[in-house]
Amino acid sequence: MSQKILAKDKVDAFLQGLCRDQDLFAPVMKDGKVGWGPVATAAEALWEFSNTEMSPKDFFFPQTECMMRFKNVQGDPQGMIMQAEAPLSRPRVLLNIRPCDAKAFQVLDLIFVQDEMTNDLYWRDKREKTALIGLACNDPCPTCFCTTVGSNPHGETGLDVLLVDLGDHFLAKALTEKGEALVKDLPAAAAGDEGQAAELKKAAEAKIKGGVAMDKVNAREVMELYDAPLWDRVMESCLNCGTCTFCCPTCHCFDIQDETQGEAGRRVRNWDYCMSWLFTMHGTGHNPRGTKKDRVRQRFMHKFKYIPVKRGGEIGCVGCGRCVQLCPVNIDVRKVVNDMNA
Amino acid sequence: MRNTYVPYPVSIKEVRVETEDKQLKSFWLQFLNSEDASAFNYTPGQFAELSISGYGEIPIGIASSPTEGRDLLFTVNKVGSVSSRLHNMKAGDIMGVRGPLGNSYPLKANKGKNIVIVAGGFAVTTLRSTMNWLLHPDNRGDFGEITFIYGARTPGMLLYTQEWTAWQQSGQANVHVTVDREAPGWSGLVGFVPTVTGDVAPKPDNAIALICGPPIMIKFTQPVFDKLGWQSDQIIMSLENRMKCGIGICGRCNVGPEYVCKDGPVFTKTQLDKLPREY
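For the protein sequence lines, the chains are A and B, in the order given.
If you read the first sequence in my numbering, its first letter stands for residue 130, the second for the next number, and so on.
If you read the second sequence in my numbering, its first letter stands for residue 742, the second for the next number, and so on.
Don't read these hints as lab results, they were simulated from the structure.
One or more hints might be untrue.
Said to hold, decoys possible - Residues on chain A that point at chain B, a partial pick, calculated with CB under 10 Å: (1) M196; (2) M209; (3) F241; (4) M246; (5) D249; (6) C380; (7) I385; (8) L407; (9) P437; (10) V438.
Unchecked claim - Calculated pairs, SDA-like style, for lysine to any residue (alpha carbon to alpha carbon, straight line, at most 25 Å): (11) K1015(B) - V965(B); (12) K1015(B) - L359(A); (13) K1010(B) - A348(A); (14) K258(A) - E306(A); (15) K421(A) - L1016(B); (16) K162(A) - F375(A); (17) K330(A) - A320(A); (18) K766(B) - K139(A); (19) K960(B) - V351(A); (20) K831(B) - E173(A); (21) K137(A) - E173(A); (22) K754(B) - Q207(A); (23) K139(A) - T305(A); (24) K968(B) - F933(B); (25) K831(B) - G208(A); (26) K944(B) - D883(B).
Where is the CB? At the ideal position from N, CA and C, for every residue including glycine.
With the hints as extra help, turn the sequences into a complete structure.
See the structure below:
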């Protein structure tokens, strides 16, 4: 795969090229916060930021997504038959996505697409039609711990192109065929660029101080972790508010609901969360995860034990640190996992 | 590539009130498109999402057996908004079915063995499927003795009376049906399922047991099997949990790392002993 240069005064021209046949999105400043929005020029996009407040999972797994439609006319039997929603019409590019978030999508690929039956076409369609141009982190924040959960500030997993800010220009590393096509018109990298990027990578890794240890979590049986006393303590402070699930790039639980308005009917899926009491409640009133402790434990066990057990060791966390920043009662996932590992 | 969230359209062919309290109704469903019927290849123990546009979906065990033809049978308890709506539907109405979902009872892997079935209440649905499959001439010869123990609160709460009476009369299976208390007109067994199981005393040699019922029945049946010398890997149970996607993604039905909808609903007791009791 080729290594190219994107000069900073050539970014506009590069983005114009991208916009021609694709919708282009990047982190932008929105209402004083870093979020995702459509961009056409370099000035509209952010180039120096830690990360977006919310993960970009919404591009592949929208917070509310129409799955199918029907004509809500009871007397018209054909009308009540569900018709699947049309696929994405235009390809998209996500520019300046952080490596941790790209890695998260690769973890979710393992869950949304498993076999012929577990084959989420809504997810797949958007994944296949979206290119990811990552921006390496040269300056991770204190809540980042990607290096301890299999990701990296300069990580390449899940990306089509990785941009590394080398000061006056970016090194653009093509990582897939899709990425190769995106950077084909850029000039080749100079001799020292790769070495400089490697130095920046090492420096960025060194800035990540805290982290999680997983060796004992991996070695222990499910029930040993499940019955560990730490959950009584975590449960006491947790509000079950679900903020962590909302901002998390790998949280992917959803609900499916039917909506009707006059003759229009649709089946939608909405983000849901395991912290909710209703999430698991049976029609009879019986609730298999009936206590706050059951629910907070489910979230951590799912990411750090259940997903690794079922998905070949892959961890359901990429160390982005959003939940650490946003938890209203300061639950720190690093401390929870280290307690599981104690 | 098929979109597995989109239900196959079906029409309701027949509705039957199953129990005296009218809370359980059976629905025979017919595929509108014959290619959908061919694609819907299922085995006993699997379930499907019944889909009613505008109301939603509910996961229900398939009560018919593939040996009975292409129509599907579901027996549904009236509990929430989807099942209540379904109870108000009639023959000829259009709805959807999504599946087949989940794994099935390990029947083909246990050829040559004796099969003991223990069912309580309306958990008998997928075991009706199993019995019809086992007793079909194509399969009956592959198995040893078949014992069917089934209980409900009252005679009027027993499902599929016609079917189990026929199984009893066929001499192809040992059928023991019981009700909790004496009832007028009932000349059959009286007593709880665990007690009857103890009296029947199924032998563990070269056998598997399929147990499906309310938690209280399972709790008291377990020691009976233990006493008779059954091992955990011979005891097979079917779980149910709240579900949405039915294909192992949406995150609510899991019991530890296992998704009831995809890795289950059928588990051995050996498997369940290593999992949290989140069901």
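Practice task
Please work out if K1015(B) and V965(B) have their alpha carbons no farther apart than 25 Å.
Solution key: The hint holds at about 21 Å.
Practice task
Would you check whether D249(A) satisfies its interface hint, that is, whether its CB is within less than 10 Å of any CB in chain B?
Solution key: Holds - the Cβ of D249(A) comes within 10 Å of chain B, reaching about 6 Å at its closest.
Practice task
Tell me if L407(A) is really an interface residue toward chain B, meaning its C-beta lies closer than 10 Å to one of theirs.
Solution key: holds, 9 Å
Problem - 25 Å limit on alpha-carbon distance, applied to hinted pair K944(B) and D883(B) - result: Roughly 19 Å between the alpha carbons, so the hint for K944(B) and D883(B) holds.
Practice task
Below or equal to 25 Å on CA atoms is what counts here, so check K831(B) against G208(A).
Solution key: Holds. K831(B) to G208(A) sits at ~17 Å (cutoff 25 Å).
Problem - 25 Å limit on alpha-carbon distance, applied to hinted pair K754(B) and Q207(A) - result: holds, 16 Å
Problem - Minimum beta-carbon distance criterion (10 Å), I385(A) to chain B - result: Holds, about 5 Å.
Problem - Hinted contact P437(A) with chain B - closest CB pair below 10 Å - result: Holds, about 9 Å.
Practice task
Return the status of the interface hint for M246(A): holds when the least beta-carbon distance to chain B is below 10 Å, violated otherwise.
Solution key: Since chain B brings a Cβ to about 6 Å from M246(A), closer than 10 Å, the hint holds.
Problem - Given hint F933(B) paired with K968(B) - CA-CA distance at most 25 Å - result: holds, 17 Å
Problem - K421(A) paired with L1016(B) [C-alpha distance capped at 25 Å] - result: OK: K421(A) and L1016(B) at ~19 Å, within 25 Å.
Exercise for the section: Decide if the proposed pair is consistent with the structure: K831(B) and E173(A), CA atoms, cutoff 25 Å inclusive. Expected result: Not OK: K831(B) and E173(A) at ~58 Å, beyond 25 Å, violated.
Hint compliance for this structure: hints 18 and 20 are not met, and every other hint is.
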